[in-house]
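Protein chains: 2
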Amino acid sequence: MELRRFLSSRTALMRASQVRELLKWIGRDVISLGGGIPDPSSFPARDLREILDDILSSRPEVALQYAPTEGVDELREELARFMGRRGIKASADNVVVTAGSQEALELLARILIDKGDVVFMENPTYLGAIQAFRIYEPRMLGVPLDGEGMRVDVLEGKLKRARAQGLRVKAIYVIPTCQNPTGISLSGDRRKRLLELAEEYDFLVVEDDPYSYFVFEGASPPPLKSLDTSGRVIYLSTASKVLAPGLRVGWLVAEEELLDKVVTAKQAVTLQTSTLSQFVLLEALRRGVVERQLPRLRKIYRSKRDAMLEALDEYMPDGVKWTRPSGGMFVWLEVPEALDMSALLYRALRRYKVAYVPGTAFHVEGGGHNTARLSYSYPPVEAIREAIRRLASLISDSLRAPQGAS
Amino acid sequence: MELRRFLSSRTALMRASQVRELLKWIGRDVISLGGGIPDPSSFPARDLREILDDILSSRPEVALQYAPTEGVDELREELARFMGRRGIKASADNVVVTAGSQEALELLARILIDKGDVVFMENPTYLGAIQAFRIYEPRMLGVPLDGEGMRVDVLEGKLKRARAQGLRVKAIYVIPTCQNPTGISLSGDRRKRLLELAEEYDFLVVEDDPYSYFVFEGASPPPLKSLDTSGRVIYLSTASKVLAPGLRVGWLVAEEELLDKVVTAKQAVTLQTSTLSQFVLLEALRRGVVERQLPRLRKIYRSKRDAMLEALDEYMPDGVKWTRPSGGMFVWLEVPEALDMSALLYRALRRYKVAYVPGTAFHVEGGGHNTARLSYSYPPVEAIREAIRRLASLISDSLRAPQGAS
Numbered sequence: 001m002e003l004r005r006f007l008s009s010r011t012a013l014m015r016a017s018q019v020r021e022l023l024k025w026i027g028r029d030v031i032s033l034g035g036g037i038p039d040p041s042s043f044p045a046r047d048l049r050e051i052l053d054d055i056l057s058s059r060p061e062v063a064l065q066y067a068p069t070e071g072v073d074e075l076r077e078e079l080a081r082f083m084g085r086r087g088i089k090a091s092a093d094n095v096v097v098t099a100g101s102q103e104a105l106e107l108l109a110r111i112l113i114d115k116g117d118v119v120f121m122e123n124p125t126y127l128g129a130i131q132a133f134r135i136y137e138p139r140m141l142g143v144p145l146d147g148e149g150m151r152v153d154v155l156e157g158k159l160k161r162a163r164a165q166g167l168r169v170k171a172i173y174v175i176p177t178c179q180n181p182t183g184i185s186l187s188g189d190r191r192k193r194l195l196e197l198a199e200e201y202d203f204l205v206v207e208d209d210p211y212s213y214f215v216f217e218g219a220s221p222p223p224l225k226s227l228d229t230s231g232r233v234i235y236l237s238t239a240s241k242v243l244a245p246g247l248r249v250g251w252l253v254a255e256e257e258l259l260d261k262v263v264t265a266k267q268a269v270t271l272q273t274s275t276l277s278q279f280v281l282l283e284a285l286r287r288g289v290v291e292r293q294l295p296r297l298r299k300i301y302r303s304k305r306d307a308m309l310e311a312l313d314e315y316m317p318d319g320v321k322w323t324r325p326s327g328g329m330f331v332w333l334e335v336p337e338a339l340d341m342s343a344l345l346y347r348a349l350r351r352y353k354v355a356y357v358p359g360t361a362f363h364v365e366g367g368g369h370n371t372a373r374l375s376y377s378y379p380p381v382e383a384i385r386e387a388i389r390r391l392a393s394l395i396s397d398s399l400r401a402p403q404g405a406s
Numbered sequence: 001m002e003l004r005r006f007l008s009s010r011t012a013l014m015r016a017s018q019v020r021e022l023l024k025w026i027g028r029d030v031i032s033l034g035g036g037i038p039d040p041s042s043f044p045a046r047d048l049r050e051i052l053d054d055i056l057s058s059r060p061e062v063a064l065q066y067a068p069t070e071g072v073d074e075l076r077e078e079l080a081r082f083m084g085r086r087g088i089k090a091s092a093d094n095v096v097v098t099a100g101s102q103e104a105l106e107l108l109a110r111i112l113i114d115k116g117d118v119v120f121m122e123n124p125t126y127l128g129a130i131q132a133f134r135i136y137e138p139r140m141l142g143v144p145l146d147g148e149g150m151r152v153d154v155l156e157g158k159l160k161r162a163r164a165q166g167l168r169v170k171a172i173y174v175i176p177t178c179q180n181p182t183g184i185s186l187s188g189d190r191r192k193r194l195l196e197l198a199e200e201y202d203f204l205v206v207e208d209d210p211y212s213y214f215v216f217e218g219a220s221p222p223p224l225k226s227l228d229t230s231g232r233v234i235y236l237s238t239a240s241k242v243l244a245p246g247l248r249v250g251w252l253v254a255e256e257e258l259l260d261k262v263v264t265a266k267q268a269v270t271l272q273t274s275t276l277s278q279f280v281l282l283e284a285l286r287r288g289v290v291e292r293q294l295p296r297l298r299k300i301y302r303s304k305r306d307a308m309l310e311a312l313d314e315y316m317p318d319g320v321k322w323t324r325p326s327g328g329m330f331v332w333l334e335v336p337e338a339l340d341m342s343a344l345l346y347r348a349l350r351r352y353k354v355a356y357v358p359g360t361a362f363h364v365e366g367g368g369h370n371t372a373r374l375s376y377s378y379p380p381v382e383a384i385r386e387a388i389r390r391l392a393s394l395i396s397d398s399l400r401a402p403q404g405a406s
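If you're matching them up, the sequences are chains A and B in order.
Under my numbering, residue 406 is the last one in the first sequence; the count climbs by one each step, no gaps.
Under my numbering, residue 406 is the last one in the second sequence; the count climbs by one each step, no gaps.
Excised from the complex, chain A in its bound form (with noise of 0.2 Å):
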């Protein structure tokens, strides 16, 4: 029986994602610079199995047993104490645990968007945060970024002109420190100006945060919520990267106003969040496990950024460009107009044994075919030296011969 007649024509907008599909080549022959995951030899696994194994003991009836929409409330405490030495004054009840970061996007789509709204987001920006958005139809508009992150200038003449046409802005999707896709981080002085110009044009800042608990080199800067006065800031983060993917806790930091309505969505979409991976995420914070994880993280992903950016000096031919992240686990590569990445993926994968994520995808606006987003968050040193000079000869090769020749 054909079954695609009962599909609700919300489906059509609703897009596979290019790296969840490139997952399935990992573990083969082809080296994956494709999905943003934490190199498994950073998991505390001692610990977490001993953190398991004390809460199974004492705790079962409690860790086993439904919890509370909002997060298991010592849990919101500890978040809370952990966001305060980040700068960010939150109580537990400004807290919201929820199923990875990428529910707590869902849920603020949810409670924020109508149809033709216009969210801002940077351009690139996390294909996530598209996805989660793009089924309740906003209007994503981009904006560009240059070495200080976001061109908060540019943006205030969109701002001027979706004025001027009567548009509503709701929302501004920015992730400030490291980046997704770039690596790149906002200035200090652009920081201001966005709260400045959120005030000035009224419209929520929604600041997506899983990377600066690690930066290279430096003080990380402070968070968009740590200088928000008027409580516009909605601030979002993730045990993904600091700890482990795996167990899918995330949480939200914004006035309870508005968080009244995220745990009402919540209790329609996922009920709770694991109250097992909350109890694990609480102890990791309460005995210094996430704390002690961060010199580790900025050791690993370090290393292996230095590797990619030597290796991407040592091997790409000329007029092939990229950033050079000051943390997260991206480099962005772009290459000349005349290569399609989407188009040379196919090839990459079967011939040249690479995966990477193609630039599209991260576009809210069209455009980006001569860009990808290259990860070096996973592959061990030696496999991104090797994966980058394969992707060297891809691009030499495909800019030697014209495209869909061989």
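Heads up, none of these hints are tricks.
The list makes no distinction among identical chains, and a pair is therefore deemed to hold if it is satisfied within one copy or across any two copies.
Distance condition first, Cα-Cα at most 20 Å in a straight line; then the derived EDC-like pairs of lysine to aspartate or glutamate:
{"id": "1", "residue 1": "K115", "residue 2": "E137"}
{"id": "2", "residue 1": "K299", "residue 2": "E61"}
{"id": "3", "residue 1": "K89", "residue 2": "E291"}
{"id": "4", "residue 1": "K192", "residue 2": "E156"}
{"id": "5", "residue 1": "K89", "residue 2": "E257"}
{"id": "6", "residue 1": "K321", "residue 2": "E386"}
{"id": "7", "residue 1": "K353", "residue 2": "D340"}
{"id": "8", "residue 1": "K158", "residue 2": "D202"}
{"id": "9", "residue 1": "K89", "residue 2": "D73"}
{"id": "10", "residue 1": "K353", "residue 2": "D29"}
{"id": "11", "residue 1": "K353", "residue 2": "D397"}
These are calculated hints, taken from the structure and not from any lab test.
Following the hints, put chain B in place on chain A, whose structure we already have.
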């Protein structure tokens, strides 16, 4: 700053669950017959502790890592086998793992429901389904139940009328075994008739099945999915009642054609279900922990049901009726028309120290003011008796005094 003005118009469709609100009263001097919360003494804590220890020592790099959106392959295979033992023919490709069955309901609503589509439901039905569906704005039409479950003859009449009115009937949502909130099971003849009607009127059947694993008396009736010959039954279930709700693992069984869309939708909602929780369920299935649970659960909940039915017989005044469930966690109570169980709830909590869920929450087309759901799953036997005694006092006192007088 007033933030409400940023909310989407969709938020007006969201309603906080009274069951979740009630959870806040548990553990004080109120005895709760509210949520369908498993008895924590039923959790196989020692087995799960051992499983977690084994997983974290043997495969931490996988169990703490990202996993495919559709679920861990080994778990999908194990679930297909588990389903096979219940007469459902499925391969791993027919299984998608979800963040509890709440997410399964959200995903199905998302991929199936266009505004105005007709979805039939038992009336009363599971309120989590009402919540999940509501924001997609279907016409939810109710079908009453009698002692043999949903009145399929009434359904047929409504289908005819819907067809005459040119309405699009997309699906029926049904909990055929030990229904929530009534505890009633659909008879064998009606199961067959329901599937015939699905063919004749061309709609999907969403079968929610959390409770059939531990029916107290006799054999568990065959799942509708086991009788499905055309692929139009979508089956969903959960580890919440047979293992532990804190894991937040559910699963869907359906045709791949539909599951493809479910997976794309899930990428945007939670990306994937907790890998750690998936490995716990995987090992609990492999080691027979789940199978060993079932007779234990049957015993625990049968004695609690018996205690509740006995106390109802003993304490309830004339004019009060209730169901006699053959399994599951709920008794459905009907009091004389003059009483409004929603209006009485506050008094019940404050003065009589007993919690229940007012029946209106489970109704899709209004009504049910004189009904309530009573859960016997959580409190100890003695507390169940006491709670029913208190509830009976509330009802007797209220029948004597005009409402609102105290």
